[in-house]
Amino acid sequence: MNAREGLYVRKIKNGTVIDHIPAGRALTVLRILGISGKEGLRVAIVMNVESSRLGLKDIVKIEGKYLNEEDVNKISLIAPLATVNVIKDYEVVKKFKVKPPKIVEGIIRCPNPTCISRKSREPIKPKFRLVSTNPIKLQCIYCGSIISENEIVEQLTSLR
Amino acid sequence: MISILDFTRDDLEKLFEETDNMRKRLDEGNVPKILSNSIIALAFFEPSTRTRMSFETAAKRLGANTISFTSEEAISVSKGESFADTIRMLDGYSDLIIVRHKYEGAALFAAEIAKAPVINAGDGKQHHPTQAMLDLYTIRYLKGTVDDLVIGVLGDLKYGRAAASFLLGLTHFRPRRIYLISPQELKLRPEIKELLMERGLNIKELNSLVDVLPELDILYVTRIQKERFPDLREYEKVKGSYRISSKLLFSLAKKDLKILHPLPRVDEISYDVDSTSFAAYFTQARLGVPLRMALLKLILLGGES
Ligand SMILES: [Zn+2]
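One line per chain: the protein sequences are A and B, in this order. Everything in the first sequence is counted per this note's numbering, starting at 1 for the first residue and increasing by one. Everything in the second sequence is counted per this note's numbering, starting at 161 for the first residue and increasing by one.
Bound conformation, chain A alone (with noise of 0.2 angstroms):
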């Protein structure tokens, strides 16, 4: 983060910073995080900042929280060029990209209604083959449907 960036928001603490969000997909994350604000967790949120990489971005910051391997990898499938900061003590104690998982089990849903993977009482987890991270492209390994950044956006939007 830059000094302009530091005019939004005051830094935190301890928790976790992500950046290079996707310009509008903050909110998202924090949905997909299961983060509505009831948690009383201290949340800042940067939305179209400018961003050498993106050209706009968003910042997520929160208070209190850690992310565990699931978030990130949620995370990593709609803001697949995100890096993750873990604050400790208003240090940078840890920084690392997102990376989508090369398969990714349980988290979004098939789109196509015939897919075993949606045959109700199965004991069948969704599962999906990584076939492009930028934009992000999954492929059901059950019935081959692909499906798109877009579609898991409004996925993991809409399911929470």
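In short, the hints are calculated from the structure, not lab data. Remember, it's a predicted structure, so these values are computed and weren't measured experimentally. There's no promise every hint is true.
Simulated DEER-style distance windows between Cβ atoms [stated by the list, open to error]:
id	chain 1	residue 1	chain 2	residue 2	range
1	A	ARG121	B	PRO207	21 to 27 angstroms
2	A	ALA23	B	SER208	22 to 28 angstroms
3	A	SER52	B	GLU375	54 to 60 angstroms
4	A	TYR90	B	ARG349	50 to 56 angstroms
5	B	LYS347	A	GLY37	45 to 51 angstroms
6	A	LYS125	B	ARG393	43 to 49 angstroms
7	B	ARG359	A	PHE96	52 to 58 angstroms
8	B	LYS303	A	ARG129	50 to 56 angstroms
9	B	ARG349	A	GLU63	44 to 50 angstroms
10	B	SER405	A	ARG129	43 to 49 angstroms
11	A	LYS97	B	THR168	34 to 40 angstroms
With a straight-line Cα cutoff of 27 angstroms, these simulated DSSO-like cross-link-like pairs (lysine-lysine) come out [to be verified]:
id	chain 1	residue 1	chain 2	residue 2
12	A	LYS125	B	LYS285
13	B	LYS275	A	LYS125
14	A	LYS137	B	LYS285
15	A	LYS137	B	LYS414
16	B	LYS220	A	LYS119
17	A	LYS137	B	LYS347
18	B	LYS193	B	LYS285
19	B	LYS353	B	LYS285
20	B	LYS193	A	LYS127
21	B	LYS318	B	LYS386
22	A	LYS125	B	LYS262
23	A	LYS95	A	LYS65
24	B	LYS285	A	LYS102
25	A	LYS127	B	LYS303
26	B	LYS275	A	LYS127
27	A	LYS125	A	LYS13
28	B	LYS262	A	LYS127
29	A	LYS102	B	LYS414
30	B	LYS262	A	LYS119
31	A	LYS137	A	LYS95
32	B	LYS193	B	LYS174
33	B	LYS275	B	LYS318
34	B	LYS347	B	LYS414
35	A	LYS11	A	LYS99
36	B	LYS262	A	LYS137
37	B	LYS285	A	LYS127
38	B	LYS285	B	LYS386
39	B	LYS353	A	LYS102
40	B	LYS262	B	LYS303
We treat Cβ as the ideally placed atom computed from N, Cα and C, and that holds for glycine.
Based on the hints, put chain B with the ligand in the right spot on chain A.
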């Protein structure tokens, strides 16, 4: 054994050689009962008399026993019990499970659950690998090779799983050109078309058969179903222009053109074609038994004879 793409050309060549062998044994009336210790489960959750009987005949010719449910039982199975549980049960009883299901990916899911090998006998609108193997074998049987041929695929390319599987199977070979001939509404789905091109097929889409008929070595015909058309008049219009008659063939086709069809046909090929040298669809159906015999043998006993 889920998709025709799981195989290599070498696998297919090996299967075809074994099929030649089985065909010879059948002709001689000398089929060794090499699978007499095996029980094969026919799990047809969706009825398909033709495919089921072809598998059952193949199994019995080799001395295997089969277990299966009737179509009524299949309905109650699909209502009461989960697919996964049914597969687990059959897995406990049998050495090989042959699955047919209306959901895409059912066979792959079954293969994840079962310890026994699973053969996909058609799932959803996607894969029907044994039909594709049969189509390819039939072409090899008729023409000596699948390479260098000009092949037309006609009919419902969007929903017809036989056509899609056949086209995927062709990517293991080097046909000279593939013509995809269908009404606009039933064109091949773009993701499959992309895959075919990626895998090196030289394909061209068109609406009319007559322009390319003189070039074809093989014409693969599939059924155009009324239900696919929201407007019945549209269907009536389309139907006529895709019907194959002996008159059309004698006036335009190469002498040695062969016509394949996964069957059953309705009226897309008129009956007067049956007695011509163009008709190869009954030969194709007949070859289904030795091909499936070869497949069962290779899966249950491996390569050794
Ligand atoms: Zn699927």
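Legend entry - Given pair status - LYS414 (chain B), LYS102 (chain A), alpha carbons within 27 angstroms: Roughly 49 angstroms separates the two Cα atoms, so the pair is violated.
Legend entry - Given pair status - LYS102 (chain A), LYS353 (chain B), alpha carbons within 27 angstroms: The given pair, whose Cα atoms are some 24 angstroms apart, holds under the 27 angstroms limit.
Inset, instruction - Could you grab the alpha-carbon distance between LYS125 (chain A) and LYS285 (chain B) and see if it respects the 27 angstroms cut-off? - result: At roughly 21 angstroms apart (the allowed maximum being 27 angstroms), LYS285 (chain B) and LYS125 (chain A) satisfy the hint.
Inset, instruction - Please work out if LYS262 (chain B) and LYS119 (chain A) have their alpha carbons no farther apart than 27 angstroms. - result: Holds, because 11 angstroms separates the two Cα atoms, which is no more than 27 angstroms.
Legend entry - Straight-line alpha-carbon gap LYS285 (chain B) to LYS127 (chain A), limit 27 angstroms: holds, 19 angstroms
Legend entry - Straight-line alpha-carbon gap LYS137 (chain A) to LYS285 (chain B), limit 27 angstroms: Cα-Cα ~22 angstroms, so holds.
Inset, instruction - Confirm or reject the claim that SER52 (chain A) and GLU375 (chain B) have a C-beta distance inside 54 to 60 angstroms. - result: holds, 55 angstroms
Legend entry - Straight-line alpha-carbon gap LYS285 (chain B) to LYS102 (chain A), limit 27 angstroms: holds, 26 angstroms
Legend entry - Pair hint outcome, LYS193 (chain B) versus LYS174 (chain B) [Cα-Cα no greater than 27 angstroms]: The given pair, whose Cα atoms are some 21 angstroms apart, holds under the 27 angstroms limit.
Legend entry - Consistency of beta-carbon spacing, ARG349 (chain B) to TYR90 (chain A), with hint 50 to 56 angstroms: holds, 54 angstroms
Legend entry - Agreement of LYS318 (chain B) and LYS386 (chain B) with the hint, judged by alpha carbon distance not exceeding 27 angstroms: holds, 14 angstroms
Legend entry - 27 angstroms limit on alpha-carbon distance, applied to hinted pair LYS220 (chain B) and LYS119 (chain A): violated, 33 angstroms
Of the numbered hints listed earlier, those contradicted by the structure are 2, 7, 8, 15, 16, 18, 20, 25, 27, 29, 33, 40.
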